[in-house]
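We have chain A already, so just place chain B with the ligand on it with the hints.
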Amino acid sequence: MQKLGMGQAINQALREEMRRDPNVFIAGEGVGVSIHLNPMFPTHGLLEEFGPKRVKDTPVSEAAIAGLAVGAAEAGLRPVVEIMFNPFFTLASDMIVNHAAKLRYLSGGKSTFPLVVRMKSGAGIGAGCQHSHNLEAWVAHCPGLKVVMPATAADAKGLLKSAIRDDNPVIFIEHMGLYFAPMPVPEGEYLTPIGKAEVKRPGTDVTVVTWSGMLGVAMAAAEKLAQEGVEVEIVDLRTLVPLDKEAILASVAKTGRLVVLHEATRTGGFGGEVAAVVMEEGFNLLKAPLRRVTGPDIPVPASPPLERFYIPGDDQLIAAIKEIL
Amino acid sequence: MNIPEEKQKEMLWTMLLSRRFEDELAELCKIEGKIPGMTILSTGQEAVGSGACAALAPEDVIISNHRSHNHLLAKGADPNALMAEIYCKRTGCNKGKSGTLHLAVPEVNAPCTSTVVGAGPPIAVGQAFAQQYKGEQRVTVCFFGDGAAAEGSVHEAMNLAALWRLPVIFICENNVYAGAQRYEEHAPNPSMADRATAYAMPGEAVDGNDALAVYQAVRDARERALAGEGPSLIECKTYRCRGHGEADPQHYQPKEEICAWQEKCPIPRLRDDLLSQGLITPEEVRDMEARAEAVVKEAVRFAEDSPFPNPEEALEDVLVA
Ligand SMILES: Cc1ncc(C[n+]2csc(CCOP(=O)(O)OP(=O)(O)O)c2C)c(N)n1
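Chains as they are written, first to last, in the working numbering: chain A, 1 to 325; chain B, 1 to 321.
Source of the hints: derived by calculation from the structure; they are not laboratory data. Warning: the hint list may mix true and false statements.
Capping the alpha-carbon separation at 20 Å, the derived lysine to any residue pairs in SDA-like fashion look like this [claimed, not checked]:
#1 K7(B) - R182(B)
#2 K196(A) - D167(A)
#3 K102(A) - K56(A)
#4 K95(B) - P299(A)
#5 K30(B) - G124(A)
#6 K255(B) - K196(A)
#7 K53(A) - R182(B)
#8 K7(B) - P58(B)
#9 K134(B) - A57(B)
#10 K322(A) - E228(A)
#11 K56(A) - A187(B)
#12 K322(A) - G203(A)
#13 K245(A) - T204(A)
#14 K255(B) - I35(A)
#15 K30(B) - I35(A)
#16 K56(A) - E229(B)
#17 K322(A) - P289(A)
#18 K254(A) - R266(A)
#19 K56(A) - P188(B)
#20 K95(B) - G124(A)
#21 K95(B) - P304(A)
#22 K255(B) - H36(A)
#23 K95(B) - I280(B)
#24 K95(B) - P305(A)
#25 K53(A) - D21(A)
#26 K95(B) - P311(B)
#27 K30(B) - E228(A)
#28 K7(B) - I280(B)
#29 K30(B) - M84(A)
#30 K95(B) - I298(A)
#31 K30(B) - R269(B)
Bear in mind the structure is a predicted one, so any value in this text is a computation, not a measurement.
Bound conformation, chain A alone (with noise of 0.2 Å):
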């Protein structure tokens, strides 16, 4: 199998789709010409093969560009468009919590918005709090939006791939921390379900409920502890929105005990409502209390002591599970 970082897996998913449907086009701050020549980044090389006219370098205008989707995708089109950072989400925010995840339910039902908002996230880039910021809860907050963060290169190109076929607008999350490191990714036609969580570890000592960059997170903390006959059932969740209930209640069926992974900070974040959703519909399953590893509830720092010290590590989720053990 071919062997792709995330940012070509990603390409790999725009290219066959911009082939396969004229009418997706893609924009966003240097989605064409980018001050970064580097064929591992998402959009490299999408210029030359579709022209100008379906890869629309933007101007620095976060609202316009979330705008475009929403009144593109309603005209037909099916638009997939990047905010460069997850914190600059904030500037598109009215036009992506208050129209593309809305103007469906408004119109009753009448308009579809097929649209894909792409942003990078993560810390680990030593750039600091406005560009590091995980804000997956605050899109998942909000009914209308599908909202997905593949942990995997293949899972970005086939959940990639399905967010832009979906007649839903779909917030489509991507950790910086995996376009590097090369893994596996089926050739072609390659389309992973929104919606469906994945077990990435087998496991039947404690189930670990995670996404995104904390995957490798919680890999290495599972090679770690099966050496101390610790079995550790890793559920990748995939999508947030909508949450794959079964994936994580099955699990923790399995196990009887629960650890909720996410590098975005403690208070209000997804774990909670992964907790809440075991708490009501799993509590008799569980055999010990739930426990939540999280960033702490701070601004990601620049410093990279500082840094270091926000990101979860596989020492704090080594620790929780061996607490409820």
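Chain B with the ligand in isolation, oriented as in the chain A frame:
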């Protein structure tokens, strides 16, 4: 032109210091892991920050953006504390929380550098509102790029500032590029200064490589603001000689264009001007250059010798206790 001699020398000094500071950073960030995050420099644009800040009083406020080092040094920020922050050390002006991108130096009335493009102007409106509210004789200068002018926030800020006659000076640093986009690829009107008309405020384009021209425009705008006449927009036409950041190979920027603008470097321009008018001697220039060298060397030593913050310090400073 009636610009005090010591102001002209101050501009030359802060430009020399800023250039030396950033040339050093350009070298340092080639060393793997030395300078965390993105390094974004203002090489060739120093006349904007240096010219503008020379026209301000210490109590005047500046709001800066991602390309901030020149603005902050010209406003009088301590080079040691800036360098240490860029190194992300505990002795940095923001204890390592900011790094190079969001340097805040309230002690010299440079309280906010936002790397969110277009975020500065509304904050400048707030600062100017407070100045007007308290009846102070102070103004706020906001530096933003030509690219930023495409953000809605910039228009909202200009409208409100003009409506309420707030003492703001909007300085659009038009350096021809916004990321990889040339000006004409992101803005339909070749004049940024023209936008002032829409908000019924004075708008002026100046040679942004001429520190004296920038000084004069800002001085005039400041006088209007202090007289209660409200905001002004000044477009400083300059050029981004280096990449957007140091990781940018500038593949889209014509080499001849870069060379042509390097010829128009604002530093020798002001220096030669002062020399030819006899306002400065060659020895004084050499002294200034040696002093810039020494200040930067000391800043690097200070940053190198400083400790990183302890990890738990990440938890401090979120809220007032
Ligand atoms: C809201 C927002 N969108 C996008 C970016 C990414 N970005 C950083 S600088 C920049 C270009 C800004 O151009 P300009 O305002 O002309 O300033 P210059 O870099 O030329 O000094 C972009 C798009 C950002 N930091 N903030």
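Evaluated hints:
1. K7(B) - R182(B): violated (34 Å)
2. K196(A) - D167(A): holds (17 Å)
3. K102(A) - K56(A): Not OK: K102(A) and K56(A) at ~26 Å, beyond 20 Å, violated.
4. K95(B) - P299(A): Roughly 14 Å between the alpha carbons, so the hint for K95(B) and P299(A) holds.
5. K30(B) - G124(A): Distance ~19 Å between K30(B) and G124(A) Cα, so the pair holds.
6. K255(B) - K196(A): Cα-Cα ~51 Å, so violated.
7. K53(A) - R182(B): holds (18 Å)
8. K7(B) - P58(B): Roughly 13 Å separates the two Cα atoms, so the pair holds.
9. K134(B) - A57(B): The given pair, whose Cα atoms are some 17 Å apart, holds under the 20 Å limit.
10. K322(A) - E228(A): holds (11 Å)
11. K56(A) - A187(B): The given pair, whose Cα atoms are some 14 Å apart, holds under the 20 Å limit.
12. K322(A) - G203(A): holds (15 Å)
13. K245(A) - T204(A): holds (19 Å)
14. K255(B) - I35(A): Given that 20 Å is the threshold and the Cα spacing comes to 15 Å, the pair holds.
15. K30(B) - I35(A): Judged against 20 Å, a Cα distance of about 18 Å means the pair holds.
16. K56(A) - E229(B): At roughly 41 Å apart (the allowed maximum being 20 Å), E229(B) and K56(A) break the hint.
17. K322(A) - P289(A): OK: K322(A) and P289(A) at ~12 Å, within 20 Å.
18. K254(A) - R266(A): violated (26 Å)
19. K56(A) - P188(B): holds (16 Å)
20. K95(B) - G124(A): Between K95(B) and G124(A) the Cα gap is close to 18 Å, so the pair holds against 20 Å.
21. K95(B) - P304(A): It holds: about 12 Å lies between the C-alpha atoms, which stays within 20 Å.
22. K255(B) - H36(A): Between K255(B) and H36(A) the Cα gap is close to 17 Å, so the pair holds against 20 Å.
23. K95(B) - I280(B): Cα-Cα ~39 Å, so violated.
24. K95(B) - P305(A): holds (12 Å)
25. K53(A) - D21(A): Holds: K53(A) and D21(A) sit about 14 Å apart, inside 20 Å.
26. K95(B) - P311(B): holds (12 Å)
27. K30(B) - E228(A): violated (43 Å)
28. K7(B) - I280(B): holds (12 Å)
29. K30(B) - M84(A): Measuring from Cα to Cα gives roughly 25 Å; hence the hint is violated.
30. K95(B) - I298(A): holds (15 Å)
31. K30(B) - R269(B): violated (29 Å)
In the structure shown, a violation is registered for the earlier hints numbered 1, 3, 6, 16, 18, 23, 27, 29, 31, in ascending order.
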